[in-house]
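Novice: Chains as they are written, first to last, in UniProt numbering: chain A, 1 to 357; chain B, 1 to 357.
Hints listed in this document are in silico derivations from the structure and should not be mistaken for laboratory results.
Copies of the same chain look alike in the list, so a pair counts if it fits in one copy or across any two.
DSS-like mimics (lysine-lysine), calculated; alpha carbons at most 30 angstroms apart, straight line:
#	residue 1	residue 2
1	Lys226	Lys63
2	Lys228	Lys323
3	Lys228	Lys278
4	Lys278	Lys230
5	Lys63	Lys230
6	Lys226	Lys278
7	Lys182	Lys226
8	Lys259	Lys113
9	Lys211	Lys278
10	Lys235	Lys63
11	Lys278	Lys235
12	Lys278	Lys259
13	Lys235	Lys113
Bear in mind that the values here come from a model prediction, so they are computed numbers and not experimental data.
There are 2 protein chains.
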Amino acid sequence: MVAVKSVWQKGFVDSGAPQEEHFEIKETELSGVNADNQPEEDGAVVVEVRYMSCDPYMRGFLKSQGRPAEEGKKIVSAFVSGVIIASRNENWIVGDLFGGSLPLSTVQVVPAKAVAGLWNLSKYIGEENLSQGIGALGMPGSTAYGGFIDVLEPKEGQTVFVSAASGAVGSIVGQIAKNVYKCTTVGSCGGQAKCDHIKSDFGYDYAIDYKSIDQSAADKGAAELKAKLKEAVPKGIDMYFENVGGIHFDAAMSSLRPKGRVAVCGGISGYNDKEGPKQVLDILSMIYTAQRIEGFVCTPWLTGQQGNFLGDMSQWIKEGKVKVEETTYNGVEQWATAFNSLFENTHRNKGKVVVKV
Amino acid sequence: MVAVKSVWQKGFVDSGAPQEEHFEIKETELSGVNADNQPEEDGAVVVEVRYMSCDPYMRGFLKSQGRPAEEGKKIVSAFVSGVIIASRNENWIVGDLFGGSLPLSTVQVVPAKAVAGLWNLSKYIGEENLSQGIGALGMPGSTAYGGFIDVLEPKEGQTVFVSAASGAVGSIVGQIAKNVYKCTTVGSCGGQAKCDHIKSDFGYDYAIDYKSIDQSAADKGAAELKAKLKEAVPKGIDMYFENVGGIHFDAAMSSLRPKGRVAVCGGISGYNDKEGPKQVLDILSMIYTAQRIEGFVCTPWLTGQQGNFLGDMSQWIKEGKVKVEETTYNGVEQWATAFNSLFENTHRNKGKVVVKV
Numbered sequence: 001m002v003a004v005k006s007v008w009q010k011g012f013v014d015s016g017a018p019q020e021e022h023f024e025i026k027e028t029e030l031s032g033v034n035a036d037n038q039p040e041e042d043g044a045v046v047v048e049v050r051y052m053s054c055d056p057y058m059r060g061f062l063k064s065q066g067r068p069a070e071e072g073k074k075i076v077s078a079f080v081s082g083v084i085i086a087s088r089n090e091n092w093i094v095g096d097l098f099g100g101s102l103p104l105s106t107v108q109v110v111p112a113k114a115v116a117g118l119w120n121l122s123k124y125i126g127e128e129n130l131s132q133g134i135g136a137l138g139m140p141g142s143t144a145y146g147g148f149i150d151v152l153e154p155k156e157g158q159t160v161f162v163s164a165a166s167g168a169v170g171s172i173v174g175q176i177a178k179n180v181y182k183c184t185t186v187g188s189c190g191g192q193a194k195c196d197h198i199k200s201d202f203g204y205d206y207a208i209d210y211k212s213i214d215q216s217a218a219d220k221g222a223a224e225l226k227a228k229l230k231e232a233v234p235k236g237i238d239m240y241f242e243n244v245g246g247i248h249f250d251a252a253m254s255s256l257r258p259k260g261r262v263a264v265c266g267g268i269s270g271y272n273d274k275e276g277p278k279q280v281l282d283i284l285s286m287i288y289t290a291q292r293i294e295g296f297v298c299t300p301w302l303t304g305q306q307g308n309f310l311g312d313m314s315q316w317i318k319e320g321k322v323k324v325e326e327t328t329y330n331g332v333e334q335w336a337t338a339f340n341s342l343f344e345n346t347h348r349n350k351g352k353v354v355v356k357v
Numbered sequence: 001m002v003a004v005k006s007v008w009q010k011g012f013v014d015s016g017a018p019q020e021e022h023f024e025i026k027e028t029e030l031s032g033v034n035a036d037n038q039p040e041e042d043g044a045v046v047v048e049v050r051y052m053s054c055d056p057y058m059r060g061f062l063k064s065q066g067r068p069a070e071e072g073k074k075i076v077s078a079f080v081s082g083v084i085i086a087s088r089n090e091n092w093i094v095g096d097l098f099g100g101s102l103p104l105s106t107v108q109v110v111p112a113k114a115v116a117g118l119w120n121l122s123k124y125i126g127e128e129n130l131s132q133g134i135g136a137l138g139m140p141g142s143t144a145y146g147g148f149i150d151v152l153e154p155k156e157g158q159t160v161f162v163s164a165a166s167g168a169v170g171s172i173v174g175q176i177a178k179n180v181y182k183c184t185t186v187g188s189c190g191g192q193a194k195c196d197h198i199k200s201d202f203g204y205d206y207a208i209d210y211k212s213i214d215q216s217a218a219d220k221g222a223a224e225l226k227a228k229l230k231e232a233v234p235k236g237i238d239m240y241f242e243n244v245g246g247i248h249f250d251a252a253m254s255s256l257r258p259k260g261r262v263a264v265c266g267g268i269s270g271y272n273d274k275e276g277p278k279q280v281l282d283i284l285s286m287i288y289t290a291q292r293i294e295g296f297v298c299t300p301w302l303t304g305q306q307g308n309f310l311g312d313m314s315q316w317i318k319e320g321k322v323k324v325e326e327t328t329y330n331g332v333e334q335w336a337t338a339f340n341s342l343f344e345n346t347h348r349n350k351g352k353v354v355v356k357v
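From just these sequences and the hints, can you work out the full model?
Specialist: Here you go:
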């Protein structure tokens, strides 16, 4: 019998930062396999998960959305990467490296109908870089890639503003923008150390420390952030990559040039509130400027329906155009600690937060 | 000497409906021509304006935007159509029919550098249909065409919601959507008579009378409008063509399906306020739904940079797919009356309001 460790959440927490007590590890035995640990179902595979992702959007899982509090709930979809250890599917052989969105369990049978959702990483990386399957070659990488290239539609020499610029997504957006598309780049992040870091390592020409801004009143905070943006790029911005919401959205909209585009990918500033951030929008100002605001998720690029994400990104990594930075937490037991760290103000993480199983 | 009548505005009016006293007609003599009434400047043309447009967006001209009140100010850019009566430009001959954005003067010399901004209508219509040059074959037509086709990107069978559906733009959007793109169409307009009219004549499957909605509180008004939308199209809308703002925007956003698009073309509900309508936007709701909000103006389509507006639209008119309806005011002296009627609640106008010089 094969022992399996899974991450469960304990009930729901509508507001406030998540805590370790909101999660637990449960141990079970692997089911869905025969005595030889081969999948019982034709077309299924057995996978060993090596890396588990924790990402800000997962804060949404904890919200009750009207559901009653429960005893516990397995986390059934999260980005992971790993190795195929048994296969009854003609597209996969033992030893193949994969990325996917699966339950947070260390070993599991992936049912036949879910196997198509995995992506094969063997062509692009070796086992030593498997963590990239939940980072630059996974959800955050494809979010940066699709959002910047196909939603923001950059032109050489244009200016992009990125919030959460030192994070898993923002650190890649900056590098693609600077090193591939030759854009002017402005990033916002928390603290002087991160500001220095995104300029030296993530392709940012200018960095704004949003923690230095008085956010006690939203209007005042947005005006101050706008002033800092103007100081960096007096002519305004052509594109805004939105990860944060709140004053960042307001400041970006009021700095957006004619034909400006906003790609909305996240709004972490509101994730710990019961309801998401509500922004005030002057729609008339968007008419003569022909401005656009567009929400998106990474799926079309991650699944290969649009663009050439895995090929392009792995090439850019090889060429040094995109550097990968990770903060690693060791052991599945550390998943809750790693996840909670995303919402802390200690800023101990750099780049993508990965949990090495 | 040639007598010229021009429409002038008297000072600025920041808020409230415009009145006739805010405009006056001034008479002058044509300048810039020689004794034979030929243009003095090489490359210039002399035009006789036959139709003058008045459109809701022109309310913006009256706003002071911090300027001091003035004695008077000629209206220097408005959509007009007419006939070339003298030419020193190789692209135009006497008798050619044109559309353009020019000062509101009955006869005028168009300087060489401005001639490129005129569009030639002779290929598409005869003199008897010259009013279409400020309507279906002018700004409103190209706004409906570009906004619906290239901003909203319709697919057959999808549902579009249009505000100000009986107006110059909305009446054409409905017909293109229904008769060319085979979409399901829902229009909003004021009063039961207009509701009946847009269903029988402008391609609308469903009509909502927004005047029947209690708008004393914005939240309540938006909820009521949303309920009426849901009654018409229970599965929601794929596209929203925004001419109005206010509760229409709110109701549309909360009825918008995944991958929904909003084309922002106007916000007449706020034109008589000093500041435009401010909408509250839940940006997080746009992420997983991959929704888009985009402002636009007609210029790329009207000038032929994008699409085949004049060719397509004149063909659709010939085929009866787009019916043209106009309310005509006779005489340049009626321009102010015609313009002011756009903001009245008497709803005496149908379709495009045109001033026949």
